[in-house]
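Under my numbering, the residues of the sequence shown are numbered 244 to 464, in order.
Each hint should be verified, as a subset may be incorrect.
What the hints assert, rightly or not - As a list, the in silico DSSO-like pairs of lysine-lysine whose alpha-carbon atoms are at most 30 Å apart:
1) Lys266 with Lys357
2) Lys318 with Lys357
3) Lys266 with Lys280
4) Lys425 with Lys444
5) Lys357 with Lys270
6) Lys445 with Lys434
7) Lys279 with Lys376
8) Lys301 with Lys270
9) Lys357 with Lys280
10) Lys415 with Lys279
11) Lys376 with Lys364
12) Lys318 with Lys364
13) Lys308 with Lys293
14) Lys305 with Lys293
15) Lys323 with Lys266
16) Lys318 with Lys376
17) Lys266 with Lys365
18) Lys305 with Lys279
19) Lys323 with Lys270
20) Lys279 with Lys266
21) Lys415 with Lys301
22) Lys301 with Lys279
23) Lys364 with Lys305
24) Lys270 with Lys288
25) Lys308 with Lys280
26) Lys266 with Lys293
27) Lys415 with Lys425
Unchecked claim - Each pair of labels, with its calculated beta carbon distance range:
28) Cys348 with Ala392: 23 to 33 Å
29) Ala386 with Glu408: 41 to 51 Å
30) Asp303 with Ala407: 55 to 65 Å
31) Ala450 with Ala423: 14 to 24 Å
32) Ala306 with Lys365: 45 to 55 Å
33) Glu291 with Ala386: 56 to 66 Å
34) Lys365 with Ser277: 14 to 24 Å
35) Ala386 with Lys425: 52 to 62 Å
36) Lys357 with Ala306: 23 to 33 Å
37) Glu276 with Pro324: 12 to 22 Å
38) Phe295 with Lys364: 25 to 35 Å
By construction, these hints were calculated from the structure, which means they are not laboratory data. Idealized CB from N, CA, C, for every residue including glycine.
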Amino acid sequence: VSPAVSSTSKATGEAGSLPSWVKLHAKLLWWSESQKKHLPVIVTKIDERKRFVTVVFKLDTKAFKELSFSHLRRKDCPLKPLPEAQAAPAPAPPAKADKDVVCECGVALPAGAKFCEECGKKVTAVDEKATAKSAEAAAARKAAEAAAAAKKAAEMAAAATRAAEEAAAAEKAAEEAAAAEKVAKEAAAAKKAEEEAAAAKKVAEEADAANAAEEAEAARA
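Based on the provided sequences and hints, a complete structural model is requested.
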């Protein structure tokens, strides 16, 4: 199998064999009859022996097409060059020299670009307006995300404050309960001591009374 030709001189070595815009790795357009639009393709192989060109679709690299050298010269050839290759590029307006254009497909293009290198669509002022709207929408989304993040952070901080207050209240309640239990124990101990003292006093009084009775009985005898 002949290897792909890797130089422009080999690809166009035979006079009139290939258009000048057909080169290895060249970015071209393929007219799709089913989709009724141009699709971006890349030249991946130029076979001089078999005299055919192979292109793959940028949006689906598994899909490819092959064309003979002779077919490339026909008017109905579906393979076409990018418009920039057919005419000298016009200088970009000074007012837009420092701006990029974003196509509707989302690909950023240099200032002054007339066609998208990705989808082949013509770039118009509408795309620039769409770019501005897209940038505004992106800024609005970022602002909304930032606001949501700030709100969530505030809610988390408030929740942490509430948790800390509840923990402090629980600790205080535990301390008060412990103090009340201590007071109750001390009161119970005091009451018990008082009862024991009263009982001891009563026993002593009864003993004194018994002794006095014995002494009186002894005196009468």
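How the hints compare with the structure:
1. A threshold of 30 Å between alpha carbons decides the hint, and for lysine 266 with lysine 357 the separation of about 21 Å falls inside it, so the pair holds.
2. A threshold of 30 Å between alpha carbons decides the hint, and for lysine 318 with lysine 357 the separation of about 23 Å falls inside it, so the pair holds.
3. Annotation: proposed proximity of lysine 266 to lysine 280 holds, straight-line Cα distance about 22 Å (limit 30 Å).
4. Distance hint between lysine 425 and lysine 444 is fulfilled; the C-alpha atoms sit about 29 Å from each other, no more than 30 Å.
5. A C-alpha spacing of about 15 Å is found between lysine 357 and lysine 270, which places the hinted pair at or below 30 Å, so the restraint holds.
6. The suggested pairing of lysine 445 with lysine 434 holds, with an alpha-carbon distance near 17 Å, which does not exceed 30 Å.
7. Taking the CA atoms of lysine 279 and lysine 376, the gap is about 28 Å. The hint holds against a cut of 30 Å.
8. A threshold of 30 Å between alpha carbons decides the hint, and for lysine 301 with lysine 270 the separation of about 9 Å falls inside it, so the pair holds.
9. Taking the CA atoms of lysine 357 and lysine 280, the gap is near 16 Å; set against the 30 Å cutoff, the hint holds.
10. At most 30 Å may separate the alpha-carbon atoms for a hinted pair to count; lysine 415 and lysine 279 exceed this at roughly 79 Å.
11. Taking the CA atoms of lysine 376 and lysine 364, the gap is near 19 Å; set against the 30 Å cutoff, the hint holds.
12. For a cut-off of 30 Å, the pair hint linking lysine 318 to lysine 364 stands: about 21 Å separates their Cα positions.
13. At most 30 Å may separate the alpha-carbon atoms for a hinted pair to count; lysine 308 and lysine 293 meet this at roughly 15 Å.
14. Our distance criterion of 30 Å between C-alpha atoms is met by lysine 305 and lysine 293, whose separation comes to about 22 Å.
15. Straight-line distance between C-alpha atoms of lysine 323 and lysine 266 comes to about 12 Å, which keeps the hinted pair within the 30 Å bound.
16. A distance of roughly 40 Å separates the Cα atoms of lysine 318 and lysine 376; the hinted pair therefore is violated under the 30 Å criterion.
17. The hinted pair formed by lysine 266 and lysine 365 meets the criterion: a straight-line CA distance of about 23 Å does not exceed 30 Å.
18. The hinted pair formed by lysine 305 and lysine 279 meets the criterion: a straight-line CA distance of about 21 Å does not exceed 30 Å.
19. Our distance criterion of 30 Å between C-alpha atoms is met by lysine 323 and lysine 270, whose separation comes to about 10 Å.
20. At roughly 25 Å between alpha-carbon atoms, lysine 279 and lysine 266 fall within 30 Å of each other, so this suggested pair holds.
21. The straight-line distance between the Cα atoms of lysine 415 and lysine 301 is roughly 71 Å, outside the 30 Å bound, and the hint therefore fails.
22. Our distance criterion of 30 Å between C-alpha atoms is met by lysine 301 and lysine 279, whose separation comes to about 17 Å.
23. Between lysine 364 and lysine 305 the CA atoms are separated by roughly 22 Å; this keeps the pair inside 30 Å, and the hint holds.
24. Proximity of lysine 270 to lysine 288 is assessed by CA-CA distance (about 13 Å); at most 30 Å being required, the pair is judged to hold.
25. With a CA separation close to 16 Å, the supplied pair lysine 308 and lysine 280 stays within the 30 Å bound.
26. Restraint check for lysine 266 and lysine 293: satisfied, since their Cα atoms lie roughly 16 Å apart, inside the 30 Å limit.
27. For the proposed pair lysine 415 and lysine 425, the alpha carbon gap of about 15 Å is at most 30 Å, so the pair holds.
28. For cysteine 348 and alanine 392, the hinted distance range of 23 to 33 Å is satisfied, since their beta carbons lie about 31 Å from each other.
29. The beta-carbon spacing between alanine 386 and glutamate 408, approximately 33 Å, falls outside the hinted interval of 41 to 51 Å.
30. Between aspartate 303 and alanine 407 the C-beta distance comes to about 59 Å, which sits within the given range of 55 to 65 Å.
31. Distance hint for alanine 450 and alanine 423: a CB-CB separation of about 41 Å, inconsistent with the stated range 14 to 24 Å.
32. Take alanine 306 and lysine 365: their Cβ atoms lie about 23 Å apart, and the range 45 to 55 Å is violated.
33. Range check, glutamate 291 to alanine 386: about 58 Å between beta-carbon atoms, so the 56 to 66 Å window is met.
34. At roughly 20 Å, the beta carbons of lysine 365 and serine 277 sit within the given window of 14 to 24 Å.
35. At roughly 59 Å, the beta-carbon separation of alanine 386 and lysine 425 lies within the given 52 to 62 Å, and the hint holds.
36. The beta-carbon spacing between lysine 357 and alanine 306, approximately 26 Å, falls within the hinted interval of 23 to 33 Å.
37. At about 19 Å, the CB distance of glutamate 276 to proline 324 agrees with the hint of 12 to 22 Å.
38. A C-beta distance of roughly 28 Å is found between phenylalanine 295 and lysine 364, which places it inside the suggested range of 25 to 35 Å.
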